[in-house]
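With chain L's structure known, arrange chain Y on it following the hints.
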Amino acid sequence: MKWSLTSLAGAFTLFTLAGMPAGAQTTARKAVPRAADGKPDFSGVWAGPGFTHRVGPNDTDTPSVTNFDPKNWAPFKPGGEALFLHKLTGDERHDDPTAYCLPDGFPREALSPYATQILQQPGTVTFLYEYMHFFRVVPTDGRPHPKDVDLTFMGDAVGRWDGDTLVVDTIGLRPWPIDAFTTGFVRYHSDALHVIERFQYTDPTTVALEMTIDDPKIFTKPWSQNFQMKLHPTWKLFEQICEENNRCQVGHCEPSDVQKTPK
Amino acid sequence: MRTKLGLLAAAFGLLAAAIPALAHHAFAAEYDGTKPVKVKGVVTKVEWMNPHIWFYLDVKDDSGKVTTWGFSGGPPGMLARRGINKDVLKTGDVILVEGFRAKDGSNNASGGNVTFADGRKVFAGAAEDQVPATKE
Chain L
44 MKWSLTSLAG
54 AFTLFTLAGM
64 PAGAQTTARK
74 AVPRAADGKP
84 DFSGVWAGPG
94 FTHRVGPNDT
104 DTPSVTNFDP
114 KNWAPFKPGG
124 EALFLHKLTG
134 DERHDDPTAY
144 CLPDGFPREA
154 LSPYATQILQ
164 QPGTVTFLYE
174 YMHFFRVVPT
184 DGRPHPKDVD
194 LTFMGDAVGR
204 WDGDTLVVDT
214 IGLRPWPIDA
224 FTTGFVRYHS
234 DALHVIERFQ
244 YTDPTTVALE
254 MTIDDPKIFT
264 KPWSQNFQMK
274 LHPTWKLFEQ
284 ICEENNRCQV
294 GHCEPSDVQK
304 TPK
Chain Y
-4 MRTKLGLLAA
6 AFGLLAAAIP
16 ALAHHAFAAE
26 YDGTKPVKVK
36 GVVTKVEWMN
46 PHIWFYLDVK
56 DDSGKVTTWG
66 FSGGPPGMLA
76 RRGINKDVLK
86 TGDVILVEGF
96 RAKDGSNNAS
106 GGNVTFADGR
116 KVFAGAAEDQ
126 VPATKE
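Residue numbers (my numbering), protein chains in the order written: chain L, 44 to 306; chain Y, -4 to 131.
Isolated chain L (complex conformation):
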């Protein structure tokens, strides 16, 4: 009998606990911004992976270069390491094309220490990247990638909803540095790179972003890295022009007028 009572008590506790997360979930569902169609609404200006998220007074945050961490990588395929890790040559067109104001390309653009604005409409999610004014317009109506995709810097992205998670699938990326790492080597992805991003709110101003890197020419299997995004209600995108006053491009400095005047 005693056993039975304990069991009942246990069962009751279990029942109560089982009910709790559901209740908490409902609260969370209400708390995160929602679009008219009931989907979580990711619209807003975000500090993406390229920030420390040490949010200071006046809605500030700290930009910080973010790269892929080797501890997350899957093992290389035979020859994969040589495809991925290119020794620096001293030519910035190879070592870091952004030194010539060439694009970051995706996924490096998404890791840049600049803001990202997301505009969500039924059937479309648009990412506006502050760094060099890039964008991705992602259909979320369930369409597949086109059969024949040209290789581009930002690739071809299609999205879908997995419950409250926005899933963005990108292919068609031209071989290019995958991130900003340039110590001894630069990391080039292949033309087979397939990136899967999963965006999920963890609280009303925080999104967990899981990025899966599937590059079957380089790695034995897909691997993932987790990032965080913070919503900044007071932010707007700034202009970011690489060529405006790029005075020491690849190490050759143009003197300014005040440096030309004899003292």
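Be aware that one or more of the hints could be misleading.
To be verified - FRET-style restraints, in silico, Cβ to Cβ:
id: 1; chain 1: L; residue 1: Arg203; chain 2: Y; residue 2: Lys30; range: 48 to 54 Å
id: 2; chain 1: Y; residue 1: Val61; chain 2: L; residue 2: Val180; range: 51 to 57 Å
id: 3; chain 1: Y; residue 1: Ala112; chain 2: L; residue 2: Asp205; range: 56 to 62 Å
id: 4; chain 1: L; residue 1: Pro298; chain 2: Y; residue 2: Thr86; range: 15 to 21 Å
id: 5; chain 1: L; residue 1: Tyr143; chain 2: Y; residue 2: Gly78; range: 27 to 33 Å
id: 6; chain 1: Y; residue 1: Lys81; chain 2: L; residue 2: Gly227; range: 35 to 41 Å
id: 7; chain 1: L; residue 1: Arg77; chain 2: Y; residue 2: Lys85; range: 42 to 48 Å
As the list claims (entries may be wrong) - Quick look at which bits of chain L chain Y covers, simulated, 3 or more residues with Cβ under 8 Å:
id: 8; segment: 96 to 108
id: 9; segment: 132 to 142
id: 10; segment: 149 to 162
id: 11; segment: 251 to 259
id: 12; segment: 281 to 288
Derived by calculation from the structure, the hints in this document are not laboratory data. Note that the coordinates shown come from a computational prediction; the quantities given were computed from them, not determined experimentally. Yeah, the Cβ is synthetic: ideal placement off N, Cα and C, and Gly gets one too.
Here is chain Y on its own, set in the frame of chain L:
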């Protein structure tokens, strides 16, 4: 002299507090991380422009010769995200700047650390800039 010492002490404090170096190749492409520079002078011009702000300093050497140094700081937007706006640096300000020399050997440098005459310190660099190391 007292002020100068104070400034140096403040600069040392700043160095100690500096964010660990995080080299980015756009930095390495333009500046020599092995050639630190530390000068004090009067701000003669500020270019609060993309892709990085620049500010110019008239620096007098022991013989009285004035050289105009150019320093590159962070992108205007990136500084704004940290709460630093263009009012922070003005023509006529006396500042101590620490950074790394341009690779071409000209009187230009990255200018990651700025200390004002009143001891205020501003890390005006970009996220990808190498910051003077914490030692010595």
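Hint-by-hint comparison with the structure:
1. Arg203/L to Lys30/Y: 48 to 54 Å: Given range 48 to 54 Å: holds, Cβ gap about 52 Å.
2. Val61/Y to Val180/L: 51 to 57 Å: holds (53 Å)
3. Ala112/Y to Asp205/L: 56 to 62 Å: At roughly 57 Å between Cβ atoms, Asp205/L and Ala112/Y fall inside 56 to 62 Å, so the hint holds.
4. Pro298/L to Thr86/Y: 15 to 21 Å: holds (18 Å)
5. Tyr143/L to Gly78/Y: 27 to 33 Å: About 31 Å separates the Cβ atoms of Tyr143/L and Gly78/Y, which means 27 to 33 Å holds.
6. Lys81/Y to Gly227/L: 35 to 41 Å: Given about 37 Å between the Cβ atoms, the range holds.
7. Arg77/L to Lys85/Y: 42 to 48 Å: With Cβ atoms ~46 Å apart, the hint holds.
8. 96 to 108: With 9 residues close enough to chain Y, the hint holds.
9. 132 to 142: Satisfied; 5 residues make the cut.
10. 149 to 162: Satisfied; 3 residues make the cut.
11. 251 to 259: violated (count 0)
12. 281 to 288: Holds, because 8 residues of the segment 281 to 288 of chain L bring their Cβ atoms closer than 8 Å to Cβ atoms of chain Y.
In this structure, the one hint that does not hold is number 11.
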